[in-house]
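Spelled out from the first residue to the last, the chains are:
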Amino acid sequence: MSSTAPDSAATSTTATAPTGSGPWQLARRELRRRASVKVSLAIVAAFLLMAAGAPLLSALGGRSPDEFDKSAIDPYLGGKPIGPLGGVSADHWLGVEPVTGRDLFARVVHGAQVSLLIALTATAIVVVAGTAAGIAAGYFGGRTDAVLSRLMDLTMSFPSLIFMIAMMSVAKDVNRIVLMTLVIGLFGWPGIARVVRGQTLSLKHREYVDAARVGGAGSWRILTRDILPGVAGPVIAYTTLIIPGMIATEAALSYLGVGVRPPTPSWGQMIAESVSFYDTDPMYFVIPSACLFLTVLAFTLLGDALRDILDPRGGRT
Amino acid sequence: MILYTLRRLAGVIGVLIAVAAVTFTIFYVLPSDPAAAACGKACSTERLAAIRAHMGLDRPLWRQFWDFVSGIFTGRTMGSGQYALRCDFPCLGYSYQNSEAVWDLLMDRLPVSASLALGAAVLWLALGLSTGVTAALRKDTLTDRVLMVGAVGAASLPVYFTSMMLIYGLIRVAGLLPYPQYVSFGDDPASWASNLLLPWLALAILYAAMYARQSRSSMIETMAEPYIRTARAKGLPRRTVVVKHGLRSGMTPILTLFGMDLGGLLAGAVITESIFGLPGIGRLFYGALSTGDQPVILGVTLLAAAFIVVANLAVDLLYAVVDPRVRL
Numbered sequence: 353m354s355s356t357a358p359d360s361a362a363t364s365t366t367a368t369a370p371t372g373s374g375p376w377q378l379a380r381r382e383l384r385r386r387a388s389v390k391v392s393l394a395i396v397a398a399f400l401l402m403a404a405g406a407p408l409l410s411a412l413g414g415r416s417p418d419e420f421d422k423s424a425i426d427p428y429l430g431g432k433p434i435g436p437l438g439g440v441s442a443d444h445w446l447g448v449e450p451v452t453g454r455d456l457f458a459r460v461v462h463g464a465q466v467s468l469l470i471a472l473t474a475t476a477i478v479v480v481a482g483t484a485a486g487i488a489a490g491y492f493g494g495r496t497d498a499v500l501s502r503l504m505d506l507t508m509s510f511p512s513l514i515f516m517i518a519m520m521s522v523a524k525d526v527n528r529i530v531l532m533t534l535v536i537g538l539f540g541w542p543g544i545a546r547v548v549r550g551q552t553l554s555l556k557h558r559e560y561v562d563a564a565r566v567g568g569a570g571s572w573r574i575l576t577r578d579i580l581p582g583v584a585g586p587v588i589a590y591t592t593l594i595i596p597g598m599i600a601t602e603a604a605l606s607y608l609g610v611g612v613r614p615p616t617p618s619w620g621q622m623i624a625e626s627v628s629f630y631d632t633d634p635m636y637f638v639i640p641s642a643c644l645f646l647t648v649l650a651f652t653l654l655g656d657a658l659r660d661i662l663d664p665r666g667g668r669t
Numbered sequence: 005m006i007l008y009t010l011r012r013l014a015g016v017i018g019v020l021i022a023v024a025a026v027t028f029t030i031f032y033v034l035p036s037d038p039a040a041a042a043c044g045k046a047c048s049t050e051r052l053a054a055i056r057a058h059m060g061l062d063r064p065l066w067r068q069f070w071d072f073v074s075g076i077f078t079g080r081t082m083g084s085g086q087y088a089l090r091c092d093f094p095c096l097g098y099s100y101q102n103s104e105a106v107w108d109l110l111m112d113r114l115p116v117s118a119s120l121a122l123g124a125a126v127l128w129l130a131l132g133l134s135t136g137v138t139a140a141l142r143k144d145t146l147t148d149r150v151l152m153v154g155a156v157g158a159a160s161l162p163v164y165f166t167s168m169m170l171i172y173g174l175i176r177v178a179g180l181l182p183y184p185q186y187v188s189f190g191d192d193p194a195s196w197a198s199n200l201l202l203p204w205l206a207l208a209i210l211y212a213a214m215y216a217r218q219s220r221s222s223m224i225e226t227m228a229e230p231y232i233r234t235a236r237a238k239g240l241p242r243r244t245v246v247v248k249h250g251l252r253s254g255m256t257p258i259l260t261l262f263g264m265d266l267g268g269l270l271a272g273a274v275i276t277e278s279i280f281g282l283p284g285i286g287r288l289f290y291g292a293l294s295t296g297d298q299p300v301i302l303g304v305t306l307l308a309a310a311f312i313v314v315a316n317l318a319v320d321l322l323y324a325v326v327d328p329r330v331r332l
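Chains A and B, in that order, give the protein sequences.
Note that the first sequence covers residues 353 to 669 in my numbering.
Note that the second sequence covers residues 5 to 332 in my numbering.
Chain A on its own, in the form it takes in the complex:
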């Protein structure tokens, strides 16, 4: 495996690759060779499109996610969906919810929007905050490093899931989606900050950084032009690898009933509601679970591949 990607990535901004063999091109070529990358990219793209086009897709299916449909359920069988596989029909592509008759396709699609929006925004917060903290700690060292490192240790000693549940459950009248994004983001940043700090420490005394310093470049310029490109590889790999955790955390919180509130659908919440029907209407349980599983799996595979290529030493320093 070629192992110079992060190092040469750092220099790539100053010397543009002449013959199409720059580090990012190499990475892209390596990515294209892997079958797992193609499959997982396709799945990720499909779910992202689904989330982005949720209103459009459910309009196409002809049902809104909150619309009750009494004709699709059997009132004499405890509200069991009528038809095979949980009420699959031309009208309801993935069947309906028991009791309410709400369209599962519309709910899953809108659930994707909520779940992915929260997970991806929380990831963005974590990556920006973590990278900034890591670079600052590594580059400035001294007291900055001491304070930031203590803060990382402290955040990591928090029982994060318990704490997130507690914070979500005491907050009453706030936007659940915004709060959940912030709460999830709050506990994620130390991991990436440590990786970036280590990487920055190893970069800050390289010749090209010293050269920039001797040339009169200020801290800001060095950080953004010389250090940031050097940590970009591991950051990208790490980002992809934390997304599945974010999706799973969102689902877990919603599953426990402290996440988004009904009628807003999210995958975790749909699974929680379907648990009591797992025996009578297994499809209701399987559909959101399968979506959750596939998305987490696809992001994990993608992250694995990116880590192998962009950060061969696994981000450990």
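Worth flagging that the hints you see were computed from the coordinates, not collected in a lab.
Among these hints, one or two may not hold up.
What the hints assert, rightly or not - Computed footprint of chain A on chain B; a stretch qualifies when at least three of its residues, placed anywhere within it, have a C-beta under 8 angstroms from a C-beta of chain A:
hint, segment
1, 13-25
2, 297-306
Stated by the list, open to error - According to the in silico footprint, chain A covers these stretches of chain B (three or more CB under 8 angstroms from chain A):
hint, segment
3, 165-173
4, 269-278
To be verified - Distance ranges between label pairs, derived from CB positions:
hint, chain 1, residue 1, chain 2, residue 2, range
5, A, Gly430, B, Gly281, 19 to 25 angstroms
6, A, Asp505, B, Leu7, 15 to 21 angstroms
7, A, Val526, B, Ser294, 43 to 49 angstroms
Note that CB positions come from ideal geometry on N, CA and C, so glycine has one too.
We have chain A; now place chain B onto it with these hints.
Here is chain B on its own, set in the frame of chain A:
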């Protein structure tokens, strides 16, 4: 070593106070009034004031926090006059819900959560490490691929999904196991184990998958080190090289992970406990949330943080024993 341990212990206490302060702030900044809840519907202003005074809610915030923290170490007297209640060390206050001491509640539930966490830990370590090391030693073979595809798949399954599948498969369809009902180890070890088997499996599958992935990459990295080549060149049998030279340093990153995971789980696996109806700390916590029982919530959070920091400390001290390169 002793100096290091003492310094770290001081750090542990500092972290716990910080966690307590943050938790405390969150719960008291938010506008829920436990006195009103305890007072009930037919509540007069005087009675409400009396309850607030008894709970200490009429004091300034910093004073309430100081009472809470100092109470943990020295015990404290809550309320005054004929309603005074002596709360002994380690005092975490009383539940607003049933007036039991939080510490007693926690200690009541701890055996359940500890049984769940420790049993699952044994399973996932055995399963995860053997899978990971096997895959690492057969890197890029079919065995490796199959094991790692399995691991990445299992790691993507949320624990509630695995739990439901296990309940459906092993209880509903096959009828092999009883629906879990906690039996204490002291009463009947055999039924303790058979009742906990499903929750153990549900937790262990997820963690085993993560540990398999982690231990594989760590082991591959270690086996590429020059000292492994040296050991091989000396003519040592492969087994000795792998077990004595490889595993020892290949497993150190796993130790860090294990400390955090076990520490976190000891204070309650909220989801697993609620699915299987196990009366552990996680369930206590979950129940306390819906009733706004702040002393219990604070107590569980602190206990969880304590487990995590103590586990981290234990791991760092263990490093010195396991890895000869670490000097404290």
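> Looking back at the numbered hints, which does the structure fail to meet, lowest number first?
Replying inline: 7
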